[in-house]
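Engineer: Quick note, the sequences are listed as chains A and B, same order. Per this note's numbering, the first sequence starts with residue 176, numbered consecutively. Per this note's numbering, the second sequence starts with residue 176, numbered consecutively.
It is possible that part of the hints are untrue.
Identical chains blur together in the list; that is why a pair holds if it fits in one copy or across any two.
[As the list claims (entries may be wrong)] Subject to a maximum C-alpha distance of 25 Å in a straight line, what follows is the list of computed BS3-like cross-link-like pairs (lysine-lysine): (1) 322 / 387; (2) 387 / 300; (3) 504 / 385; (4) 300 / 386.
Note that these hints are calculated values from the structure, not bench results.
Number of protein chains: 2
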Amino acid sequence: MGPGPSDVASSVLRAMSQPLVGHLDPVFVNMMEEIKTMLRVVFQTKNEMTFPVSGTGSAGMEFCFVNLIEPGDDVIVGVNGVFGNRMVDVAERCGARVTKVESEWGRIIDAQQIREALQKVPKPKLVAIVHAETSTGALTPVEEISKLAHDAGALFLLDTVTSLGGCPVKIDEWQVDAVYSATQKCLSCPPGLSPVSLSARAMEVATRRKKKVQSWYLDVNLLSSYWGQERVYHHTAPISMNYALHEALRLVLHEGLEKRFRRHEENHLMLKRGLSEMGVGLASQEGHQLWQLNAAKVPEGVDDAKLRKRLLTEHNIEVGAGLGSLKGKIIRVGLMGETSKREKVEKFLAAFRAIAKP
Amino acid sequence: MGPGPSDVASSVLRAMSQPLVGHLDPVFVNMMEEIKTMLRVVFQTKNEMTFPVSGTGSAGMEFCFVNLIEPGDDVIVGVNGVFGNRMVDVAERCGARVTKVESEWGRIIDAQQIREALQKVPKPKLVAIVHAETSTGALTPVEEISKLAHDAGALFLLDTVTSLGGCPVKIDEWQVDAVYSATQKCLSCPPGLSPVSLSARAMEVATRRKKKVQSWYLDVNLLSSYWGQERVYHHTAPISMNYALHEALRLVLHEGLEKRFRRHEENHLMLKRGLSEMGVGLASQEGHQLWQLNAAKVPEGVDDAKLRKRLLTEHNIEVGAGLGSLKGKIIRVGLMGETSKREKVEKFLAAFRAIAKP
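With the hints as extra help, turn the sequences into a complete structure.
Structural biologist: Structure (structure tokens):
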């Protein structure tokens with residue numbers, strides 16, 4: 176019940192352990208097409224360039240920036256937790272001039288803050304925010320910020336590592352130009368792949384670059400020939416990880432997105448209610464709290480490390496620690512994908528009550 | 176029997192499908208240490224910085240270049256196949272000025288060619304060659320080239336994607352400063368990780384850079400805190416892939432390196448003899464032929480695509496096509512790791528005889 180990897184269904188583990196075929200084998204090529212099709216449904220997009228990058232979520236983040244940014248480009252990044260800061264670092268390594276828009280950890284990035292930043296930096300190449308901040312449990316609304324970015328002529332980039340598969344992510348409706356996620360959160364697949372999607376507008380920027388993409392491994396101009404119809408060998412795709420993702424996506428679609436989101440919401444509300452009855456609140460902003468990641472405040476006088484250790488050793492429950500300015504102040508309880516279950520919430524609340532009740 | 180992925184032992188598939196633990200869980204941290212220790216044995220090195228990069232072999236290639244190269248550095252790269260050309264592309268994307276040392280595909284890079292290049296470019300930052308060219312089946316001797324590089328004050332980089340685990344790779348004895356490999360060749364593990372090792376000298380270059388490493392995901396200065404003793408969260412490691420690599424390495428060491436190399440040699444010689452009896456030679460340079468990847472010349476009047484298709488559909492044997500200047504002229508028969516078996520060679524020879532015998 177930490178911030179990921181989440182529990183993985185046994186059928187996903189079974190799929191992953193099937194014998195290997197080649198990365199250009201017709202069986203695998205067919206599977207690649209099915210993965211792309213299922214990812215489009217999950218991302219709610221028609222983007223042709225939708226596929227899993229052969230690395231973990233941070234590789235997907237880097238994929239988006241290296242393909243879209245050239246040295247000297249202005250970039251606005253919303254920072255309200257660990258992953259906003261990571262985007263700043265990645266963008267700067269691409270040579271971007273980064274303007275940070277900061278919120279207190281636990282709070283969202285407000286559209287008004289982006290509006291103000293655009294007055295100082297009126298023509299950015301890109302505006303980037305984190306949809307669901309795994310480090311704080313805050314869910315930033317997307318639509319107005321996307322509109323502001325586009326009105327300024329910028330591309331809009333969204334981190335959906337923790338949101339995808341756990342709450343609505345609407346890439347086309349929200350006009351997101353570049354998005355990355357990860358397999359080990361609400362898709363409940365082992366870590367190792369990063370689903371990404373680029374809009375036609377983003378692809379145009381990537382294909383018309385002046386300078387080659389600084390990463391060969393993540394260059395979408397090369398990857399599109401392997402994941403597209405040409406099937407030109409680029410790198411050897413992680414075959415087994417793709418078997419796993421194929422089955423994990425099948426399970427997501429079998430449950431249905433709406434039903435899955437409702438499940439995540441209900442279990443979150445049950446956890447929140449139970450904690451509240453013990454006088455324990457969430458550290459994330461009211462009205463913008465993630466269903467899949469709950470930043471429970473550590474009660475006064477309780478040592479968070481001891482609390483986590485007792486949860487693990489006495490109750491076999493792993494949760495995450497607070498990071499950065501929330502270190503020692505919260506524990507992070509994940510209810511992601513297969514881990515978002517009523518009985519898990521009950522078990523956690525009973526354990527928490529036994530250990531931490533004032 | 177293609178150029179990889181090779182067959183994977185059932186115990187490796189079983190290990191890969193074990194339930195997930197967290198990427199900072201003590202059980203996983205202990206496994207990381209064991210993987211590092213076993214990799215050092217396989218690479219025949221004492222290098223502290225020896226671990227698997229969370230990406231496929233090409234990510235390992237990029238890891239080596241992005242950490243060691245800064246814009247404007249001179250680099251000498253041996254090019255005698257696909258992967259030498261890939262190194263040139265990757266190095267140039269890091270801002271290197273690259274001098275290519277080219278050999279005909281199928282031939283090795285000769286130390287004399289490097290000596291001549293060093294007369295034109297006397298102070299390169301790095302000299303890089305491919306040990307075992309998967310595209311041609313040639314094995315370039317390392318020691319003299321390594322010495323020439325060091326005499327010129329350069330670092331020496333070696334691609335061991337196809338050699339590691341199939342023939343001797345002696346990182347310390349050969350004084351290799353940076354090396355990368357892949358899991359899906361002679362280690363017989365699914366693709367998805369790239370074992371790498373950096374010498375103390377290479378680490379000094381990486382830590383004393385003027386400019387930040389252009390890739391956040393592959394920055395060894397950050398990765399060393401996660402794979403080292405601090406265990407600072409960097410990215411979520413591909414847990415299941417590391418389970419698989421742990422078991423695959425255990426099998427390699429259980430067999431023993433010398434015995435494993437002898438097996439690869441014997442099966443290669445048996446294949447070569449069988450082909451020779453049919454009047455079929457290997458396209459790679461005599462005296463420098465890889466044991467694990469055999470570039471069999473396509474007999475006169477035989478269409479290589481039809482030959483490969485009949486091998487696959489009539490005999491259930493997958494082999495690789497020729498690439499670049501060898502396209503249509505060779506088929507690539509892999510005898511890597513679990514695939515290097517006497518009965519596989521026999522089966523292949525019988526099938527080849529049935530289809531292609533003049």
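Engineer: Each hint needs a verdict: does it hold in this structure or not?
Structural biologist: Okay, the hints, checked on the actual structure:
no.	hint	result
1	322 / 387	neither (29 Å within a copy, 33 Å between copies)
2	387 / 300	both (17 Å within a copy, 22 Å between copies)
3	504 / 385	neither (47 Å within a copy, 37 Å between copies)
4	300 / 386	both (15 Å within a copy, 23 Å between copies)
Hint compliance for this structure: hints 1, 3 are broken, all remaining hints hold.
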